[in-house]
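Engineer: Below are the chains, spelled out letter by letter.
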Amino acid sequence: MSEKKKTTIILFSGDYDKAMAAYIIANGAAAYDHDVTIFHTFWGLNALRKENHVPVKKGFMEKMFGKMMPRGADKMGLSKMNYLGMGPKMIKNVIKKHNAMPLPQLVEMAQEQDIKLLACTMTMDLLGLQKEELLDNIEYGGVAAYIGESEEGNITLFI
Amino acid sequence: MSEKKKTTIILFSGDYDKAMAAYIIANGAAAYDHDVTIFHTFWGLNALRKENHVPVKKGFMEKMFGKMMPRGADKMGLSKMNYLGMGPKMIKNVIKKHNAMPLPQLVEMAQEQDIKLLACTMTMDLLGLQKEELLDNIEYGGVAAYIGESEEGNITLFI
Amino acid sequence: MSEKKKTTIILFSGDYDKAMAAYIIANGAAAYDHDVTIFHTFWGLNALRKENHVPVKKGFMEKMFGKMMPRGADKMGLSKMNYLGMGPKMIKNVIKKHNAMPLPQLVEMAQEQDIKLLACTMTMDLLGLQKEELLDNIEYGGVAAYIGESEEGNITLFI
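In the order they appear, the protein sequences are chains U, H and L.
Number 6 in numbering that gives the first Met the number 0 belongs to position 7 of the first sequence; there are no gaps in the numbering.
Number 111 in numbering that gives the first Met the number 0 belongs to position 112 of the second sequence; there are no gaps in the numbering.
Number 38 in numbering that gives the first Met the number 0 belongs to position 39 of the third sequence; there are no gaps in the numbering.
Where hints are given, some of them may not hold.
[Stated by the list, open to error] Footprint (simulated), chain L over chain H, 3 or more residues, beta carbon under 8 Å:
1) 39-45
2) 91-98
3) 116-128
4) 136-149
[To be verified] From the derived model, a few chain L residues whose C-beta atoms are all more than 12 Å from chain H:
5) VAL53
6) GLY71
7) TYR139
Bear in mind the hints are in silico, worked out from the structure with no lab data behind them.
In this text, a Cβ means the ideal position worked out from N, Cα and C, and glycines have one as well.
Only chain U is shown next, with the shape it has when bound in the complex (with noise of 0.2 Å):
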């Protein structure tokens, strides 16, 4: 009756580099068979979002936040020697070049090894995002959902 392992990751961070360690650690935990949630809040939200705009209704400090935040995973900066977006360029490239995966492909294989992306209500609120201008296929909840998830889980980060 053994159970699965469980991961459990916050990803609060919206850095191209921490988003991309978020995510292979996610698919290396769902490789090897655990239940991964990833609990995005924050600027972590970003990476979750579309990356074409989406007409929602708005109040003035949500279109500035909404103006402000990178739109999707592939817009982010790196959370060091960042450069005038220099160091994701040279980031982008190394990926390429190694054969590694950039982040919105890593978002995509973390949807088909049925990782949880859980986007966090209660910031998105605050950040002003609608569910509209999020990935689809994702689920909402708040800190209590996280806690829910976490509680009996191996591994537990923050990002």
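Using the hints, position chains H and L against chain U.
Structural biologist: Okay, now just chains H and L, sitting in the frame of chain U:
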């Protein structure tokens, strides 16, 4: 004889948004009947500073750190989009608008829910912070105290 | 037949203060008889670089990363208050004054305490770091090695 679940968070960061995330998770876990400890180390100690100036004797370095670091939860900056302090104002505005809780109230709530707020004595020493400068009713300890709290934990996070 | 407790830390960050925190927790856990592993990935690999220049063959991108990244623990910057390098100097000053251990010695101590220092081969490849450039007596592995170490862990952290 079921034991209580346990959540332990290391709050290393001095960013307003990360400290908010830490305290939201902590309060959420406490609401689900976890034993919760937040171990404040390095810049995370600033979340525990009293807002008013407390006159204590310090060396030159300690005075400089004291001046450069934010005094209390309300004065902390954002990890992203800090833009000359505009980010924190925007966040505080949307928090108000959405009836969410600002950080100082999240800290109060944590104390009411009997979340153990631990201050790391080693980094207090390094940064020249003294007990008089920190909130009342918190506890003090080093890395040993943290290990003791965490090794039976269900959720362990570094924020 | 009680098993040893286990602490596994992913060191992603290249910041001096965060790496210090990682190594202090790791050394503390080892002192409390935990099996401890630090998995160094992305910028965290810099903590394992040798201080002197090691002549190895690299492509253009790899050379640039090699130049832009700090060579060894002692050269890393702070996550906060880096102020043109003044922050790290201040920290190192207070560390000396308070008889605390600077990062390179914390790394040495970790090796003496048999903490497993794992270098992430995938990100070594991405950043163009070669084994000759890293400290002796460390181990190498990918995300699978990390999952294997962590899934039975008590404390799991991402720093």
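Engineer: Determine for every hint whether it applies to the structure shown.
Structural biologist: Outcome of the hint check:
With 3 residues bearing a CB less than 8 Å from a CB of chain L, the region 39-45 of chain H meets the requirement of three and the coverage assertion stands. Counting residues of the region 91-98 of chain H whose CB lies closer than 8 Å to any CB of chain L gives 0, so the stated coverage by that chain is violated, three being the minimum. Note: the region 116-128 of chain H has 5 residues with beta-carbon separation from chain L under 8 Å; the three-residue rule is met and the coverage holds. Coverage of the region 136-149 of chain H by chain L holds in this model, with 7 residues showing a Cβ closer than 8 Å to a Cβ of that chain against a need of three.
Even its closest Cβ contact with chain H, about 31 Å, leaves VAL53/L beyond 12 Å, as expected for a residue assigned away from the interface. At roughly 21 Å, the least C-beta separation between GLY71/L and chain H is larger than 12 Å, which holds for a residue marked as non-interface. Distance to chain H confirms TYR139/L as a non-interface residue, since its nearest Cβ pair spans about 24 Å, more than 12 Å.
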